[in-house]
Amino acid sequence: MTNRHPSPESQLPLPAATFHILMALADGERHGYAIIQDVAERTNGDVRLGAGTLYRSIQRLLEQGYIDELSMRERPSKDADDARRRYYRLTAFGRAVAEAETRRLTELVRLARASGFVARKV
Amino acid sequence: MRLYRALLRLYPRSFRAEYGEQILDDLATRRAAAGFVGRVGLAAETIADTVIAAGRLHTDLLAQDIRYTFRTLRRAPGFAATAILLTAVGTGATTAALAVADHVLLRPLPYREPDRLVNVWQEDTTVGGHNVLSPANYLDLIASTTAFEKVAAYTPRSANLVGEGAPVRLEGHLATGDLFDVLGRSAAIGRTFTAADAEDSAPDVVVLSYGAWQTYFAGDPATLGRDISLNGIRHTVIGVMPRDFMFPDRRTEFWAPLSLSPAALGPGYDDRTNTFLWTVARLADDVTLVQADAQLDRTAADLARLYPDENESLGILIVGLRGTLTRASRTMVAAVAGAALCLLLIAVTNLAGLILSRGLSRQREMAVRAAIGAGRERLIRQMLTESALIALAGGALGAVLAWAGAPLLARLVPTSLPIAETPAIDWRFAALAAAAALVTALACGVLPARRAAAGASPSALRESSRTGSSRRTERLRGALVVAQVTISVALLVGVGLLAQALWRVQARDPGFDPQGVLTLRTSLPWPKYGPTAPRVAFYDRVLDDIRALPGVDAAGFITGLPMEVGGLIWETTPEGGAAVGPRQRMVGLRFVTPGYFDAMRIPIRDGRDFAAGDTFDAPFVAIVSQSYADRHWPGQSAIGRRVNIAFFDRLIVGVAGDVRVRGLERESEPQLYLPAPQVPDFGLMASPPKDLVIRASVPPLSLLPAVRGIVARADPEQPIANVALLQDVIDGQLAPRSTQLAVLGAFAAFAAGLAAIGLYGMLAFAVGERMREIGLRMALGATPRMIVGDVLARGLRLAAGGIVVGAALAWIAGRWMESILAGVSPHDVRVFVTAIGFTALLALAGTLLPALRASRVSPLDATRM
Numbered sequence: 005m006t007n008r009h010p011s012p013e014s015q016l017p018l019p020a021a022t023f024h025i026l027m028a029l030a031d032g033e034r035h036g037y038a039i040i041q042d043v044a045e046r047t048n049g050d051v052r053l054g055a056g057t058l059y060r061s062i063q064r065l066l067e068q069g070y071i072d073e074l075s076m077r078e079r080p081s082k083d084a085d086d087a088r089r090r091y092y093r094l095t096a097f098g099r100a101v102a103e104a105e106t107r108r109l110t111e112l113v114r115l116a117r118a119s120g121f122v123a124r125k126v
Numbered sequence: 120m121r122l123y124r125a126l127l128r129l130y131p132r133s134f135r136a137e138y139g140e141q142i143l144d145d146l147a148t149r150r151a152a153a154g155f156v157g158r159v160g161l162a163a164e165t166i167a168d169t170v171i172a173a174g175r176l177h178t179d180l181l182a183q184d185i186r187y188t189f190r191t192l193r194r195a196p197g198f199a200a201t202a203i204l205l206t207a208v209g210t211g212a213t214t215a216a217l218a219v220a221d222h223v224l225l226r227p228l229p230y231r232e233p234d235r236l237v238n239v240w241q242e243d244t245t246v247g248g249h250n251v252l253s254p255a256n257y258l259d260l261i262a263s264t265t266a267f268e269k270v271a272a273y274t275p276r277s278a279n280l281v282g283e284g285a286p287v288r289l290e291g292h293l294a295t296g297d298l299f300d301v302l303g304r305s306a307a308i309g310r311t312f313t314a315a316d317a318e319d320s321a322p323d324v325v326v327l328s329y330g331a332w333q334t335y336f337a338g339d340p341a342t343l344g345r346d347i348s349l350n351g352i353r354h355t356v357i358g359v360m361p362r363d364f365m366f367p368d369r370r371t372e373f374w375a376p377l378s379l380s381p382a383a384l385g386p387g388y389d390d391r392t393n394t395f396l397w398t399v400a401r402l403a404d405d406v407t408l409v410q411a412d413a414q415l416d417r418t419a420a421d422l423a424r425l426y427p428d429e430n431e432s433l434g435i436l437i438v439g440l441r442g443t444l445t446r447a448s449r450t451m452v453a454a455v456a457g458a459a460l461c462l463l464l465i466a467v468t469n470l471a472g473l474i475l476s477r478g479l480s481r482q483r484e485m486a487v488r489a490a491i492g493a494g495r496e497r498l499i500r501q502m503l504t505e506s507a508l509i510a511l512a513g514g515a516l517g518a519v520l521a522w523a524g525a526p527l528l529a530r531l532v533p534t535s536l537p538i539a540e541t542p543a544i545d546w547r548f549a550a551l552a553a554a555a556a557l558v559t560a561l562a563c564g565v566l567p568a569r570r571a572a573a574g575a576s577p578s579a580l581r582e583s584s585r586t587g588s589s590r591r592t593e594r595l596r597g598a599l600v601v602a603q604v605t606i607s608v609a610l611l612v613g614v615g616l617l618a619q620a621l622w623r624v625q626a627r628d629p630g631f632d633p634q635g636v637l638t639l640r641t642s643l644p645w646p647k648y649g650p651t652a653p654r655v656a657f658y659d660r661v662l663d664d665i666r667a668l669p670g671v672d673a674a675g676f677i678t679g680l681p682m683e684v685g686g687l688i689w690e691t692t693p694e695g696g697a698a699v700g701p702r703q704r705m706v707g708l709r710f711v712t713p714g715y716f717d718a719m720r721i722p723i724r725d726g727r728d729f730a731a732g733d734t735f736d737a738p739f740v741a742i743v744s745q746s747y748a749d750r751h752w753p754g755q756s757a758i759g760r761r762v763n764i765a766f767f768d769r770l771i772v773g774v775a776g777d778v779r780v781r782g783l784e785r786e787s788e789p790q791l792y793l794p795a796p797q798v799p800d801f802g803l804m805a806s807p808p809k810d811l812v813i814r815a816s817v818p819p820l821s822l823l824p825a826v827r828g829i830v831a832r833a834d835p836e837q838p839i840a841n842v843a844l845l846q847d848v849i850d851g852q853l854a855p856r857s858t859q860l861a862v863l864g865a866f867a868a869f870a871a872g873l874a875a876i877g878l879y880g881m882l883a884f885a886v887g888e889r890m891r892e893i894g895l896r897m898a899l900g901a902t903p904r905m906i907v908g909d910v911l912a913r914g915l916r917l918a919a920g921g922i923v924v925g926a927a928l929a930w931i932a933g934r935w936m937e938s939i940l941a942g943v944s945p946h947d948v949r950v951f952v953t954a955i956g957f958t959a960l961l962a963l964a965g966t967l968l969p970a971l972r973a974s975r976v977s978p979l980d981a982t983r984m
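Going down the list, the protein sequences come from chains A and B. Using this note's numbering, read the first sequence as starting at 5 and increasing by one per residue. Using this note's numbering, read the second sequence as starting at 120 and increasing by one per residue.
One chain only, chain A, in its complex shape (with noise of 0.2 Å):
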């Protein structure tokens, strides 16, 4: 299946939403409602996907193989609460595609500091 995978750098620039969900599940499988809050966790409440925003992602995201579902038998057993919701994790392409956004947003933010622009704390 991956070698059918076009190249990372081929998927770039990713849409915020997109690059968001990848982090949220860059440490292990979560589910739709999980990622919500782990991305306003990590953004202090800056980024609040909608969940209809978020599913239409996911639905993109799992056409284009970034991510997977987990299967009945993959799913954490002691989540009992979440016997009903549906699990997701990164495939190697995703975590291939985000590392390669992250070089490039990395090259563009030296090239930012290079001619002169510092971020300052506002």
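Any given hint might turn out to be false.
Derived Cβ-Cβ restraints for the label pairs, each shown as a range [stated by the list, open to error]:
| hint | chain 1 | residue 1 | chain 2 | residue 2 | range |
| --- | --- | --- | --- | --- | --- |
| 1 | B | R194 | A | P10 | 23 to 33 Å |
| 2 | B | R194 | A | E103 | 33 to 43 Å |
| 3 | A | P10 | B | A153 | 38 to 48 Å |
| 4 | A | P10 | B | E140 | 27 to 37 Å |
| 5 | A | E103 | B | A125 | 37 to 47 Å |
| 6 | B | R193 | A | E103 | 34 to 44 Å |
| 7 | A | L66 | B | R194 | 20 to 30 Å |
| 8 | B | V156 | A | D50 | 16 to 26 Å |
| 9 | A | L66 | B | A125 | 19 to 29 Å |
| 10 | A | P10 | B | I171 | 23 to 33 Å |
From chain A, some residues computed to sit far from chain B (all C-beta separations above 12 Å) [what the hints assert, rightly or not]:
| hint | residue |
| --- | --- |
| 11 | Q15 |
| 12 | D31 |
| 13 | E45 |
| 14 | R77 |
| 15 | E78 |
| 16 | R124 |
Don't read these hints as lab results, they were simulated from the structure. Quantities reported herein were computed from a predicted structural model and do not represent experimental measurements. Where is the CB? At the ideal position from N, CA and C, for every residue including glycine.
Put chain B on the given structure of chain A with help from the hints.
Structure of chain B alone, referenced to chain A:
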């Protein structure tokens, strides 16, 4: 939570099925954790989020479907082109034809409350026919009638405009002061004239049409208030009418006040037979046409009692403004619109057949897509996108066709109405036609998609495409083909009848030879040319010089060309003639100069042509047409007889061939010609010769510069107008008929072709689907001949059904066309046979190919499929 559940419905169904529960779960969790304020915020946030996300999801799907459609249509370019073209032809023809029909028959005329406006005519209750009014009767009529809110009279007047570049001839109308009040329109700039301007002592003023203002004064606002010279009299321009204003027809370029006072009218002001006033009136509030008619009947009776000599058998007739449209023009426009609708119908049914068979042939593809997870809703949605794209492309192309075709159809617009020549293409009709195509495309797209989606079971994958069409679909396709054949037969019969009618009319002898004749108009203005002597001097000088030009065979002037308005209808009293009623004694009266009959090649059958010696001082003479001589002196010579006409006794010196002065389509009354000099000064001012005819042995138009020079030398202020070849004048008369035939012919050809294609498509598809069955039959001993016979029989059965129904329809509908058939029987057997034969041939052609293909099926290959 009910709100959130409802919001879910905004998402595409597939998305909802996949993520709906998750979304609700998430929202429930968030809601439970929030306080009241938080809940309100969550609701607001969720509504916004749902709308945006759902919109994007639908756009994603649409984009995906459109991309897919482009891919599939690229793989089936034949189907795509045919379907788009079908839609374009159907919608384009319908849009253009309906626009013309609406323009001519329905759209309100450019006046305030045009439905309240009527024309008033006087009719002769014994001999029939309607006529314009005399000033005396008009004044009595408006004095005694309360049915009208306002009334105005008008009369055509053309005028030479001199001093604005080369002299030109303007067509205009004189009208009483109330005209613009009656019509309820005001000027675009300046003002219209009023009753005060029509006073005898008032200065001369004129109101220009928008077109005249643009053409002769370059749309210069400073034209307002300027003095211009019309027929040598200074008129002050007081206003310009709006661009859409026309009255009473689109040719009128100016309006000037008309006074009906005895002083202005001069001697004969109270002559009730001196009829030259057209009348337009606005019905009073609460008065219906019928009530007004009844009141006017009483008025007419009063007038007849008071003036029994002049008003014997007087009736008054009122007709709505659009009522002046002849039955033939109505029928012509309606026939074209009807044919266009037929074409739309045939195109749409063909499209339906096309999409149906495409849908069926794609069942395998659908099954594959369903098997790999496409939901039923997605498949249907995909098919609908494809159909909608085809309809849109076809509709757009159709709009272009309609736009390009409208000028052609403009010749169907009668000149007698105050409406623009070219109908505006109305987007309502384009929308209507496009909607028809869209609905068909969608309906026909859905059916196979639903079937495909429903039957998208693994079994469909395994079986060959033979599983395709059910009996029901086949019957539907059969019905569509029958409908197409029906319509095309009916259209072909209609076209055949009209072609016969056109040929019949064209074959009529006009009574003169129109080939190689140049005509033009020099209308001599009054009062400058009121006296007879300067007028005759002008004719003589111009004719002498023209006859001296190389290549000119003959030349002469006449009051008005045959087939164009311009002559007078006059009652004669033939001496010693057979005693007949007044209607039989009516003639078309025209003044001519010597040379006219030669130039027209109208034969002088007895006696002589007019000559230079027929002056005002010589004995008054006349030439009558053959039919006049035959009517009043059957079997005897008319030469030497006397006839009283136009206030004088005249001696008949010649008998000329009859001319169809009223055009090829209508019967004409006999003609009587008088020599131009034999009219008193300022007498019969409407009838002096003004149309010049020149017969040439060189190309007639090459003479024009020389003729212009000759006229300018005779009178530098005299304009030349209406330059035309006589043949074009005749062709122009037949233009509505030949245009209609061309349009209907094109429609019918399309329709017949489409029907044949429809038949072919259906049979080819059916044969393709039955390959296995045919192969099996051949393996079991059926000969190719039997197979061909089967397919042929099937196709021809359908064609025959359509032909029978179509011929029956045409037979019934023919009666309705009778008014435009110029005497051709609506049940003309030759036409029916030809139309049926033509359709049968096309049907055979459409059937033969699939039949032959069926016969070439190899049993081995077919059974192996």
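Notebook entry, point to check: When the hints from earlier in the document are held up against this structure, which numbers fail?
Noted result: none
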